[in-house]
Amino acid sequence: MNMLKQILKDRLAGVSLFIVAITIAAGAFAPWLAPHDPNHIHMELRYAGPSWDFPLGNDHLGRDVLSRLIFGIRPSVLYVFAALLASVCMGAIVGFIAGYFRGRTDAVLMRVVDAMLSFPGYVLTLALIGMLGVGLENILIAFVLSKWAWFARIIRTSVMQIAETDYIKYSKTIGVGHLSIMARHIVPVSLPDIAVIASSAFGSMVLQISGFSFLGLGIQAPHAEWGMMLNEARTVMFSKPELMLAPGLTIILVVSAINFLSDALQGALDPKLMSSKAKFQARTAVSAARLQGKEVA
Amino acid sequence: MSHLLEVSNLKIWDGGTGDVIVPGSSFHVKPGSCLAIVGESGSGKSVTCKAIMRLNKAGIRQSGDLVFKGENLSRLTEREMRKKRGKQLCMIMQNGMRAFDPSCVVGVHLQETLRRHFGWSKDEITFQMKIAMGSVMLKNPLEVMNKYPHQLSGGMLQRVMIALAIVLEPDLIVADEPTTALDTISQFEVVDQFMQLRERMGCSMIFVSHDLAVVRKISDEVMVMKDGVIVEQGTSQAIFADAKHEYTRYLVSTKQSLHQHFKRVMGGSGVAER
Amino acid sequence: MGWYMAKRGLYAIPMMIVISFLTFILIHLSPMDPAEVVLEAQGVPQITPELIAQTKAELGMDRPFLIRYANWLIDCLQLDFGHSYVSGEPVWTLLGPAFLNTLQLTFASVIAVIALSVGLGVICALREGRLLDRSVRGVSFFLTSMPSYLLASLMIWYFAVKLDLLPTSGMASSASYVLPVVVIAVNYAGIYFRMIRSSMISQLHEDYVLYGRASGLSETTITMHMIRNSLQIAISVFCMAVPIILGSTVVVENVFAWPGLGSLSMHAILSRDFPVIQAYVLVMAVAFVLFNTVSDMVNAAMNPKLRGDL
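Residue numbers (the working numbering), protein chains in the order written: chain U, 1 to 297; chain Z, 1 to 274; chain B, 1 to 310.
Hints were generated in silico from the structure; no laboratory data involved. There could be a bad hint or two in this list.
[To be verified] Below are the BS3-like pairs computed for lysine-lysine, each with C-alpha atoms no more than 27 Å apart in a straight line:
hint	chain 1	residue 1	chain 2	residue 2
1	Z	K83	Z	K122
2	Z	K83	Z	K69
3	Z	K87	Z	K11
4	B	K7	Z	K147
5	Z	K30	Z	K122
6	U	K240	B	K162
[Said to hold, decoys possible] Residues from chain B shown here face chain U by an in silico Cβ test under 10 Å; the list is partial:
hint	residue
7	F21
8	H28
9	M61
10	F142
11	G247
12	V251
13	F274
[Stated by the list, open to error] What follows is a list of derived Cβ distance ranges for each label pair:
hint	chain 1	residue 1	chain 2	residue 2	range
14	U	T105	Z	R115	51 to 61 Å
15	B	N71	U	T173	47 to 57 Å
16	B	L10	U	L249	44 to 54 Å
17	U	A195	B	A257	36 to 46 Å
18	B	K7	U	T157	14 to 24 Å
A virtual CB, placed ideally from N, CA and C, is assigned to each residue, including glycine.
Just chain U, with the same shape it has in the complex (with noise of 0.2 Å):
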């Protein structure tokens, strides 16, 4: 709570937190919020301007925009979250592991790691796509697989740290079984850690997913998302280049929001890291996972 006060202290952190709540939620009560079925067909209405009933007009079939982007929050937010949520805990698992209890498993693990890092992120993605074949699902399923073993990397790293601190030996030390020491002092202590690399890794996620999409590797017609529409629009785009509106400023917005709200995490989880030196560090990182994800978008 302390920490969403902190965050709210800021008034731009206060608005990206608000617009990436509002996206969430939207995203999850498409079916009530959106005024149209996203995939009505109206063709007496194509390409017609915001009107009352449609108020960001239709598209080249005369769908309703505003359902269409409404309902296009799922697979470009909600599900990409999933993923980057799942990727983030396989990493975890593995990076707790290896962090933890060292020696040979460590080093087994960190080989496999090495060995899946040592593909760049995109090519492992779009390989996996290859084989997989097209669609959203495989897509997001070459995501988990391709970014879990850096997430497992970066976790190690934080995780190795926390061991060595003495409380930890000490734990060890009168016996306390590895299991609780993780749950009750590893697990909390290195949160706000994963929390920053997550985050920062998300909002270039959403702007990847949408990406594959709009190359047509993605999500297949006539399900809406944000990436794929702003392809549709891409074919009239010399005749009607205001359809790429709509899509493009919602995904701009949003990315801002999710990058905004990352960098005012970082700060409010960790003050400590305010001074100069370790606040040019912690930004690499959060560069570097930028780049990350960033990779194909």
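Start from chain U and add chains Z and B according to the hints.
Only chains Z and B this time, still in chain U's reference frame:
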């Protein structure tokens, strides 16, 4: 005016928060003498030194008069001030390891500084530095100049800075805790070099330290600071023999009791005597 | 130093072997039988089990796993990646020219990214907190949140169609480079710019800056030292930018119809042309390892601390 540097009503504060760091100091440095500024960390010694050079960070503001050889430094433009720095007012930093650009060999800084002030050629600079470095007991001057800071020891870098000061022949040397980051033996050597530097050049010096043994050895006058305020000023003998202010007495006594304790533990006259 | 280089170079070899092995088994991740895919891609009307068995024998898929791997690896070393399932052409004749095209685009973009981020990073750090700094940061934040395909489309619409200044697609002339390079540079410079700026600012508090000023050096000289040190930190990151951008051109290549690896791999994925995908992955991963190795070596050569110790 017989004073080389006359500081009056020097006030230093943080421009952002408005916190006053030094409320108003006045002191002077006589030609050829050494003024030691002592006090615990955070007492405003270092900020005072930087204020004399007008080198505090952008957010730190200062007011008051700094009359140096009859000229008020506070009124000079940044450009005029830059000409004074190095040439007339020379600073020696606390941490030699960090004072030189880590990505260049030590000689680069020496070259740049001397070319700036004297316009000498590369060979001339090398020649002059070789003599100066020899006089501060640095063996193989050429090799030292071609080494990166991390390849040299703190004491060696400190002596490189002293050697540069010898070539620059400034009127005033400001040494900001030059011995703090060193081990005991290098400390002894560096202090020795400072003494010789004064003897050889007859320049004045401001020597900041919290090591009273070093201060006693090198300084003519002592100024004690606490929380930004000068609590006591006077000649070195007077301060060490008969401190007026309670804080000074406290500083001297803790030093002495430590010293005595050390002597007792070591059994007889110890290294600390130096 | 020499030792370090040799060690780092040798380390790349096991990495390459791991990569090749993973690339080889990649094809088995597919839920479909490769033989079936081949037949489907060739448009065979009726796929019978006999036909599948025959194709398998033709492709050598009935032999033991490790032998197949060894054969494949030897072929790959001779740049023989097999034939495309779709067109039947040798994969290398498709991949080779595309790789060169992508490489050209990548190098042009990396140079633009470095120039843009270093220039802006240094200027903003020196003007920290002023209007210029804040507006550049605001714009870069906004542009980092913008999908590259959207930026690319907008650029085509404005510069190529409305103003008719630049070509919309292809790589016919040097003018064709402008739009794709700008899109990639704008998209990536934001991150590198932030890095350069904050490292420059952290340099400001270093003692050597104070000592330089105390010695009467000019601000220009001191700034050059700060840039030198900031770049030393950034150099490895910039080296890494080459492989990262190399593969991330997929979207931009598609929007601008650049005849490179990105376009090629997209077509291969959509038509399930496994040998092409496999070769693409292998070439990219090998390039990635090579650039990583080179960037570590450059880093070592640039960093006097490493140089002294090794």
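Flag every earlier hint the structure violates by its number, smallest first. Of the numbered hints given earlier, those the structure breaks are 5 and 9, listed in rising order.
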